[in-house]
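K.L.:
Chains as they are written, first to last, in my numbering: chain A, 1 to 465; chain P, 1 to 303.
Derived by calculation from the structure, the hints in this document are not laboratory data.
This one's a predicted model, so the numbers in the text were calculated from it and none came from an experiment.
By construction, the Cβ of each residue, glycine as well, lies at the ideal position given by its N, Cα and C atoms.
Be aware that a few hints might be false.
Unchecked claim - Distance condition first, Cα-Cα at most 25 angstroms in a straight line; then the derived DMTMM-like pairs of lysine to aspartate or glutamate:
hint : chain 1 : residue 1 : chain 2 : residue 2
1    : P       : K22       : A       : E98
2    : P       : K255      : P       : E51
3    : A       : K395      : P       : E267
What the hints assert, rightly or not - Ranges of calculated distance between the beta carbons of each label pair, as one might list FRET restraints:
hint : chain 1 : residue 1 : chain 2 : residue 2 : range
4    : P       : Q18       : A       : A332      : 40 to 50 angstroms
5    : P       : L23       : A       : A445      : 31 to 41 angstroms
6    : A       : S347      : P       : T148      : 24 to 34 angstroms
7    : P       : L300      : A       : L42       : 40 to 50 angstroms
8    : P       : T142      : A       : D345      : 15 to 25 angstroms
9    : A       : S149      : P       : L300      : 19 to 29 angstroms
10   : P       : L300      : A       : A254      : 53 to 63 angstroms
11   : A       : G318      : P       : T242      : 49 to 59 angstroms
12   : A       : Q96       : P       : N185      : 54 to 64 angstroms
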Amino acid sequence: MGLSAAMEIGKNGLNIYRIATEVTSENIANVNTQGYSRQRVLLESAPPTLHNGFPLGTGVQISVVERYYDGLLQQQLVSAQTTQGFDTSRSTVLQQIEPYFNEVTNDGIGTAISNFFGAWQDLTLNPGGTSERQVVITRAQILSDNFQSVSKGLNDAIATQNATLVPLTDSINSTLTNIAQLNGQIKSTELLSGNANEMRDQRDQLVRDLSLKIGITFTENVDGTTDIRYADGGAELVTGSNAGAFSLDQTDPANFVVQLTPPGGALAVVAPTTGELGATMAMRDTIIPGYLAQVDTLAKSVVDAVNAQHSVGFSPTGGTNQNFFTPLGTVAGAAGAFSIDAGLDISTIAASGNALLPGDNSNALAIVQLNSTYTVPSGAPTATFSSYYSSLVSKVGLDVQSSKTTVSQDEAFTKQLTTLRESNSGVSLDEELTNLVKYQRSYQASSKLITTATEMMDMVIGMIR
Amino acid sequence: MRVTANMSSDNSIYNLQQGRAKLDKLQNQVSSGQNVNTPSDDPISSRLLLEIGDKLRAIDQRSGNINKATSWLQFTNTALDGMSAVVNQAKKVAGTLNTGSDDPAIRQSAHDQLVDLKKQLIDMANTQFGDQYIFAGADNTTPPFSNTNNNYAGDSTQLSIEVAQNSVQALNVTGDRLLKGIGSNPTYGTTDILETFDNLIAAVGDNTTPSDVNAISQAAVDLQSGARQLNIATSDILARMTRLDNMNKLNENNKNTLLSISTRVQEVDYAKLGVELSSQKLAFEASLSATAKVTQLSLLDYL
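Whenever a hint applies, use it, and build me the whole structure from the sequences.
P.N.:
Structure follows, in C-alpha cells:
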C-alpha cells in the first residue's frame, strides 16, 4: 500500500460522490413525479487488504442504489383505490340523476299530479265549463311532459353508462399492455444490471391506476415482474410480459356485454362488480333501471286508475267508454309512453256519471278522489300517487347522500394511505439538499485527499532529485 | 413519521377543499334561505316537505272549491229570498181578497198582479250562475221552468264537491224539491207552489169571472205552507254555507299548521348560520394563512 493507494481511494470517493449527487439530483428532479419512489445510495467500505500485517480498507464502494418501497402499502392502496373508484363513479352519476327528482326547489312529477287532480276539482264545480275542461287537458299534458322528461333523462343516463364502457375498457387495455411491457423491460434490465427502479415505479403507478378501474390482485415475482389477476373471477390479466384484454360484445347496441381474453386464454364473458367498470355496469343494469321502474310503475298506475274511472263516465253528449290516457301494456317503458288518448278533447271528457245529465259531476268527483286512495302499484295498491312519489324522491336522496358519505370516507382512507406512502417513498427537498451539501463536502474532501497525496508524491520525487 | 413538503401541500389542499366545501354549503343555505336544497341534503325531511307541499296544494284547491261553492250558495240564497218575497206578496194579495170582490177592476188588477208574480217566481227559478241554471240539478244547461206550463225540465241530482279529503258537500237545491214539493233527501215540503199560484189566479177571477172565496182561502193556506217550504230550503242553504265557512277555517288552520312545520324544517336560522359562517370563515382563513406560511419554508432559502 503506497501513496498511489491513497490516490486510488480519493479517486473512488470522487466517483462515488459524483454518483451519489446524481441520485440526489434524480430525486430532486422527480420531487413532483407521480408514483416516484425516492432512491438512496447505500455505501459500504470496500473490502480491506492486508498491509504490513494490518487489514486496511480500500475506500468506499456503492452497495446498491435502492428505492424506498413498501409492498404491503401498495396492496392496501390497490384495494382502497378499487373501492374508491366504484364509489366515486356511482356518486357522480347519482348526483347527475338527482336533479330529475329535486321537487324540493323545483316543480316535477309530484306537483304535476296534484295540479292534474286540482283541475278535476275545478271541473266538479262546473262540469260543462269549456275553460275548466281545457285546464284538465292542459294539466294532463304537463303531467305527460313531466313523465316523459324524467323517463328520457333516466334512459339517457343508462345509454351514457353503456357508451362509457368503450373508452373505459380501452383505457384498461392500454394500461394492461403498458404493465406487461414494463414487466418485460424490468426483467431484461435487471438480468443485466442492478435495479430498474424508475421502471418499477412506473409499473406500480400503473397498477394503482388500474385498480381504480377494476378490482385486481397482484403478486410480485422474484424476477422483478408483477402478475395481475382480476378480482372478479380470478382470471389472469398480466402474466410476465403478456397482457390480456377486455372487449365488448356490441350485438345489442343498448346493452354491451363485457368479455375478457386472458393472456394465452380463451374469450369469456365476465361480470364486473368492482372499480369504475363495476360501478358503470351497476348503474346501467341495476341502479338507474331501478328508479326508472318506479317511475314507470307510478305512470302505469296513474294511467290505469284514471282510465278505469274515466271510461265509465259520460261526456256532455252522452259518449262513454273513452280512455283519458293512451292505455299502456306493460309497466316497463310506461313513463316514456305516457300520453293523452288520441280520442280525448274537451268535448269527450267524461265528468258526468249519467248519459243524459251533462251537468252531473259525479264521475269528475270520483276521479278527484283517486288522488287520495291507494292506487300504486296497479293490481296490488299500497300507496297513493303522491306518497309513492315522495318515497321515491326520498330514496334517491338517501342513495345520493350515502354515496357522498362513502366517497368522503374512501377519500379520507386513500389519503391516509397515500400520506403513508409519501412519508415512506416521497422526496423531501430539505433532505435531498442536506444530502447534496453532505456529498459536496465529501467530494471536496476526496479531492483534497488526491491533492495531498499528490503533494506527498511530489515530495518523494523531489527527494530523488 | 417522516414528513415531506409534498405531504404538507397535499394535506393543505385536502383540508382547504374540505373547508371550502363547508363554506360553500353554508353559503348555499344562506343565499337560498332553505335548509334542504336537494333531496340528498336531508332525505327524510325532503319526504316530509314533499308531502306537506302536496297537502298544501290540496288545501289551496279545496279553498278554491269552497270559495266557488260559497258564491254558488249566495246566488241560491238571493234567489230564495226573492222567491219568498214573491210568495209573501201573493199571500198579501190573497189576504186582501179573502172574501172575494164584486169590483171587476179590483179582480182584474189582482189577477194581473198574481200573473206577474208567478212570472217573477219562474224567472228567479231560472237563475244562472255562470252558464249553469242553479235550480236545474245535473241537467243545468237549459232553463228548468217555463211560463207555458208548470213542468220541471231539470233533474233531481244533488251535485257534490270535495271540501276536505274524501268529504263532500251537496251544492245545489233542485227546482222540483223547491217549487214542486217532490223528491226526497232532502225534502223541504210537499207544496206545489206553481200549481198553488195557478189555483189562486183562477180563484181570484178577473173582470168577467167572479171570485171563488173557498178556493182563495185554500190557496192562501197552500201559499203559507209554500212559504214555509222556501224558508226550510233557505235554512238548508244557510246551514251549508256555515259548514263551508267552518271547513274553510279548518283548512286555514291545517294550512297554518303545515306551513309552520314546513317552515321549521325548511327555513334556515340566519342567526345560527351567521355564527357558523363566521366561525367557518375564520377557520378557513387560518388554514389559508397557515398553508401560505408553511409551504414557503424551504432549506433552499438558507443555503
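K.L.:
Determine for every hint whether it applies to the structure shown.
P.N.:
Tested hints:
{"no.": "1", "hint": "P/K22 - A/E98", "result": "20 angstroms, holds"}
{"no.": "2", "hint": "P/K255 - P/E51", "result": "13 angstroms, holds"}
{"no.": "3", "hint": "A/K395 - P/E267", "result": "22 angstroms, holds"}
{"no.": "4", "hint": "P/Q18 - A/A332: 40 to 50 angstroms", "result": "43 angstroms, holds"}
{"no.": "5", "hint": "P/L23 - A/A445: 31 to 41 angstroms", "result": "55 angstroms, violated"}
{"no.": "6", "hint": "A/S347 - P/T148: 24 to 34 angstroms", "result": "31 angstroms, holds"}
{"no.": "7", "hint": "P/L300 - A/L42: 40 to 50 angstroms", "result": "26 angstroms, violated"}
{"no.": "8", "hint": "P/T142 - A/D345: 15 to 25 angstroms", "result": "23 angstroms, holds"}
{"no.": "9", "hint": "A/S149 - P/L300: 19 to 29 angstroms", "result": "59 angstroms, violated"}
{"no.": "10", "hint": "P/L300 - A/A254: 53 to 63 angstroms", "result": "58 angstroms, holds"}
{"no.": "11", "hint": "A/G318 - P/T242: 49 to 59 angstroms", "result": "37 angstroms, violated"}
{"no.": "12", "hint": "A/Q96 - P/N185: 54 to 64 angstroms", "result": "59 angstroms, holds"}
The structure fails to meet hints 5, 7, 9, 11 from the earlier list, while all remaining hints are met.
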